[in-house]
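For reference, the chains in residue letters:
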Amino acid sequence: MRLHEFEAARLFQAAGIPVPPFSVVRTVDALPEVVGQVGLPAVIKAQVLVGSRGKHGGVAFAETPEELDAKVRGLLGGSVRGLPVESVVIAKRVPIARELYVGATIDPAVGAITMLLGTAGGVEVEATAKDRPEALFRHSVVPPGEFWGHQARALARQAGLRGELMVRVAEVLTALYRVFCRSDAMIAEINPLVVTPDDAVWAVDAVLDVDDSALYRHPELPADPIARLEHPLERAARKFGVSYVDLDGDIAIISSGAGLGMATMDVVGERLRPANFLETGGGITEELMAKVTDLVLQKPGVRGLLINLYGGINPIHEGAKGIVRVLRERRVGIPVVAKALGNRQEETWATLAEAGVTMVTDITTEAAVDALCAALEAKGTENVKRKT
Amino acid sequence: MSILLNRDTRVLVQGITGRIGRAQTKWMLEYGTRIVAGVTPGKAGETVEGVPVFDSVLDAVRQTGAEASVFFVPARSVKETVFETLEAGIRLIVVVTEHIPVHDTMAMRAEARRLGATLLGPTTPGILTVGEAKMGIIPGNLFPKVGGPVGVISRSGTLAYEVGGILAKAGLPPSTVVGMGADPVVLTDLSELLRLFAADPQTKLVTIVGEVGGVQEERAAEFIAAGYPKPVVAYIAGRHTPEGKRMGHAGAIVQRGMGSVSSKVAALEKAGVSIAHTPAEIGLLAQKLLG
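Keeping their order, the protein sequence lines are chains Z and Y. Sequential numbering from -11 applies to the first sequence in the working numbering. Sequential numbering from 25 applies to the second sequence in the working numbering.
Just so you know, these hints were derived from the structure itself, not from any lab. It should be emphasised that the depicted structure is a prediction, and the values quoted were computed from it without experimental measurement. Among the hints, erroneous ones may be present.
[What the hints assert, rightly or not] With a cut-off of at most 20 Å between alpha-carbon atoms, the simulated EDC-like pairs for lysine to aspartate or glutamate come out as follows:
1) Y:K269 to Z:E21
2) Y:K269 to Z:E87
3) Y:K193 to Z:D57
4) Y:K193 to Z:E(-5)
5) Z:K118 to Z:E87
6) Z:K118 to Y:E267
7) Y:K228 to Y:E122
8) Z:K80 to Z:D57
9) Z:K227 to Y:E135
10) Y:K67 to Y:E104
11) Y:K269 to Z:D200
12) Y:K103 to Z:E274
13) Z:K227 to Z:E152
14) Z:K43 to Y:E267
15) Y:K103 to Y:D213
16) Z:K80 to Z:E218
17) Y:K254 to Y:E267
18) Y:K103 to Y:E135
19) Z:K287 to Z:E334
20) Z:K80 to Z:E55
21) Y:K269 to Z:D57
22) Y:K269 to Z:E134
23) Y:K193 to Z:D95
24) Y:K103 to Z:E87
25) Z:K227 to Z:D186
26) Y:K269 to Z:E274
27) Z:K43 to Z:E134
28) Y:K269 to Z:E218
29) Y:K269 to Z:E275
30) Y:K269 to Z:E112
31) Y:K269 to Z:D358
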């Protein structure tokens, strides 16, 4: 779960990281009071859960109360990269002598926490890693190891920092490490960490992405991971415990596993265009399959449905009843092809076939896609790419 | 021969008295697995499918000689249960459980490496040695009675079933199928599993069933490029994955320029691995390479 900037900034501040005074605003009514608290000049930042806000009109500056009012009005109620702006952060502007990058992330290759310090702040870290690797310095911690102050100072010295500034940046590094561990984070980032002309440091942005699997032990964190999902169908799917990703094609897909779902997308994608990724996980029931069938058919313009299931941990014969119920209720006029193998497959086939679903008993997903293409062609639903 | 698990391995089931633990114990026994004990704290003295239940791993090990353990333990208890199991001397653990905090996984991984133990998962369907034994949830009825020449390492469960079935249909059934897990951090690396298959005389070819996310496949490519004695076929699922979207598995995400199918395919191809573009192609490539 990605936190909003203001949520992350509060956690960073509580850990001792210097954050310029800021206020979160949802309406312009609060502005006079905010000017008193924060001061001018100010920076106004849209609170949307995407990166590169600056490049996409999500950040503005104001010197006067009038300018602040106009620019906040301009942002609130608008959108940044397609996401509605419901609140903005108004923060005190700090003078910039230079910009650094400070981050913590998980190194999946070795299961370590990587602390990062970059001398080119304000740019995306991937870009620095690619174009200017010499500007990025790392220190790796394998749990249950610690990240000690002297290690942070060594990292800051490696990056060329000296004196008080070196000590201040090292303190930010160790504080960020504490926040990262304490909140079960996957990514923590300050980009940029601004250095003022008198060598003070300020975190002027705050990114914190927390492990969804660990949310149960963090009552202090926001408790609305589902509400943060962008797409309405993704939110609906998560509410009943399955995973949905919207794609730009028109062939709906239901699969009983993530890898199988991705492979089904690959095979469908050879000749048609997948409308979605959906995997049920191991909790199939009649009810769940009715819900997911209904869900994938809600997408406008869907012209075919491919169902790919394995009965290992899942009772697919029960699931089949749910699928059939929705197909009948909705009087779905599009071709539906299913491949369902494993425990109690014969019952599953009988239930689905009776409702007009084309059953494929071959083990390959290709065979199911062939059947779907044939059905689409027979229906004359235009251009199916020929098999190559 | 096989890797990690055979019909003689003395298996312990942790969380054996839960709904899933009971059901899967029955399937594992039916497949031929030598299950010698179960553990659920507070349930010592009970039996499940004739298997005696103990309060602690140490009791189970002392009284039955259990040497490998499969977990049907809730995510919140997995970390401490792994430490208990390692402390009792067990050196092969299969963590089927999903949704384990990544910070817990890092701690378990470090401890396993310190002790030289092999831990599979989290989020793994487990391991199945064809015709001999299985630990985890891989359905036995998808495979023939006797094992064949192909080692299968998969990040995904259901896709491993499809690939196992495709190989069997191609006349080249698996020797052992290993689920390495689908989380952002895994407990045992893909390259380590490749090393085990290299040493198994029954296995003549290894199949990697990868997917988007992380760098396990890239690291394995480096390992293979340094000199691997057997042909390798790989299929990486998720060509149509949009950036920044988690595809069901916690670890299946293309993020910050890392984890794309093209990066994995390029690394593996450079290492001399044959790339299948769909699961069905794995069967054809295996036939060609072993033909």
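Each hint, compared with the structure:
1. About 39 Å separates the Cα atoms of K269 (chain Y) and E21 (chain Z), which puts this hinted pair outside 20 Å; it is violated.
2. A hinted pair counts as satisfied when its Cα atoms are at most 20 Å apart, and K269 (chain Y) with E87 (chain Z) does not qualify at roughly 30 Å.
3. For the proposed pair K193 (chain Y) and D57 (chain Z), the alpha carbon gap of about 69 Å is over 20 Å, so the pair is violated.
4. This hinted pair does not check out: K193 (chain Y) and E(-5) (chain Z) have alpha carbons roughly 54 Å apart, beyond 20 Å.
5. For the hint pairing K118 (chain Z) with E87 (chain Z), the CA-to-CA distance comes to about 18 Å; that is within 20 Å, so the pair holds.
6. Taking the CA atoms of K118 (chain Z) and E267 (chain Y), the gap is near 18 Å; set against the 20 Å cutoff, the hint holds.
7. Distance check on the hinted pair: K228 (chain Y) and E122 (chain Y) sit about 32 Å apart at the alpha-carbon level, beyond 20 Å; violated.
8. In summary, the hint linking K80 (chain Z) to D57 (chain Z) is supported, as the alpha carbons are separated by about 15 Å, within the 20 Å threshold.
9. At roughly 36 Å between alpha-carbon atoms, K227 (chain Z) and E135 (chain Y) are farther apart than 20 Å, so this suggested pair is violated.
10. Proximity of K67 (chain Y) to E104 (chain Y) is assessed by CA-CA distance (about 18 Å); at most 20 Å being required, the pair is judged to hold.
11. Distance check on the hinted pair: K269 (chain Y) and D200 (chain Z) sit about 14 Å apart at the alpha-carbon level, within 20 Å; holds.
12. Between the alpha carbons of K103 (chain Y) and E274 (chain Z) the distance comes to roughly 34 Å, so the proposed pair goes past 20 Å and is violated.
13. Only pairs whose Cα atoms come within 20 Å are accepted, and K227 (chain Z) paired with E152 (chain Z) is rejected, the gap being roughly 50 Å.
14. Taken as a hint, the K43 (chain Z) and E267 (chain Y) pair is honoured in the structure, with Cα atoms around 19 Å apart against an allowance of 20 Å.
15. About 18 Å separates the Cα atoms of K103 (chain Y) and D213 (chain Y), which keeps this hinted pair within 20 Å; it holds.
16. With a C-alpha separation of about 30 Å, the suggested pair K80 (chain Z) and E218 (chain Z) falls outside the 20 Å cut-off, and the hint is violated.
17. Taken as a hint, the K254 (chain Y) and E267 (chain Y) pair is broken in the structure, with Cα atoms around 34 Å apart against an allowance of 20 Å.
18. For a cut-off of 20 Å, the pair hint linking K103 (chain Y) to E135 (chain Y) stands: about 11 Å separates their Cα positions.
19. Restraint check for K287 (chain Z) and E334 (chain Z): the C-alpha separation of about 30 Å exceeds 20 Å, so the hint is violated.
20. Simply put, K80 (chain Z) and E55 (chain Z) have alpha-carbon atoms about 14 Å apart, close enough for the 20 Å limit, and the pair holds.
21. Distance restraint check for K269 (chain Y) and D57 (chain Z): the Cα-Cα separation of roughly 36 Å exceeds the 20 Å cut-off, and the hinted pair is therefore not satisfied.
22. With a CA separation close to 31 Å, the supplied pair K269 (chain Y) and E134 (chain Z) exceeds the 20 Å bound.
23. Proposed proximity of K193 (chain Y) and D95 (chain Z) is contradicted: the alpha carbons are some 39 Å apart, above 20 Å.
24. Distance check on the hinted pair: K103 (chain Y) and E87 (chain Z) sit about 40 Å apart at the alpha-carbon level, beyond 20 Å; violated.
25. Distance restraint check for K227 (chain Z) and D186 (chain Z): the Cα-Cα separation of roughly 51 Å exceeds the 20 Å cut-off, and the hinted pair is therefore not satisfied.
26. For the hint linking K269 (chain Y) to E274 (chain Z), the alpha-carbon distance of about 28 Å lies beyond 20 Å, and the restraint is violated.
27. About 37 Å separates the Cα atoms of K43 (chain Z) and E134 (chain Z), which puts this hinted pair outside 20 Å; it is violated.
28. Straight-line distance between C-alpha atoms of K269 (chain Y) and E218 (chain Z) comes to about 11 Å, which keeps the hinted pair within the 20 Å bound.
29. A C-alpha spacing of about 26 Å is found between K269 (chain Y) and E275 (chain Z), which places the hinted pair above 20 Å, so the restraint is violated.
30. About 19 Å separates the Cα atoms of K269 (chain Y) and E112 (chain Z), which keeps this hinted pair within 20 Å; it holds.
31. The suggested pairing of K269 (chain Y) with D358 (chain Z) is violated, with an alpha-carbon distance near 28 Å, which exceeds 20 Å.
Figure legend: structure checked against the earlier numbered hints; hints not met, in rising order: 1, 2, 3, 4, 7, 9, 12, 13, 16, 17, 19, 21, 22, 23, 24, 25, 26, 27, 29 and 31.
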